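Trainee: Sequence:
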Amino acid sequence: LPDNMKLIVILAIVAVAVADKLPVSPVLILHSQQTNPDAAGAHSAEFESEDGIKVQVSGSQGPTGGSNLIGSYSYPLEDGSIASVKYVADENGFQPQSDLLPVAPEFPHEIPEFVLEQIAFAEEERKREEREGRL
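Numbering-wise (the numbering used here), the sequence shown opens with residue -18 and increments by one.
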């Protein structure tokens, strides 16, 4: 490596080592509550810290034995706005909702009629085969 590149690498290593030693003040917990599962499996938890992080979740046992959860969390962004996410987690997976999540673009054109007819025909065939016991 050239001398100036060696100097940059050494300075970067020193900066990381020094930053690791800087004191970090603890973040106070403003609110923390947890309700353990009852006989039916219902449970909940809430958390809030002084730096603006908030978490809330409640759940119960689902029909398939897993846990069904409904919750939200939020935290401050560098620009001062608040990131907020609401979610459901159940047998269908984790389903978040937030303005921060990307949205797929709209389909660029209408689906042609013959394609819709083919989809309908295939569905009718599937139902017929199901009735006849072939599925």
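It is worth saying that the hints were derived from the structure and are not from the lab. Among these hints, one or two may not hold up.
[Unchecked claim] Pairwise CB distance ranges (calculated):
#1 Thr16 <-> Ile63: 19 to 27 Å
#2 Glu113 <-> Ile63: 18 to 26 Å
#3 Val(-1) <-> Pro86: 21 to 29 Å
#4 Ser62 <-> Pro7: 21 to 29 Å
#5 Ile(-9) <-> His90: 55 to 63 Å
#6 Val(-1) <-> Lys67: 38 to 46 Å
#7 Lys(-13) <-> Thr16: 24 to 32 Å
#8 Val(-3) <-> Gln99: 57 to 65 Å
#9 Ser79 <-> His12: 47 to 55 Å
#10 Glu98 <-> Ala21: 46 to 54 Å
#11 Pro44 <-> Val96: 32 to 40 Å
#12 Ala20 <-> Ala(-2): 52 to 60 Å
Computed from a predicted structure; not experimentally measured. Glycine is no exception: its CB is placed at the ideal position from the N, C-alpha and C atoms.
Trainee: Of all the hints numbered above, which does this structure not satisfy? Sort the numbers upward.
Mentor: 2, 3, 7, 9
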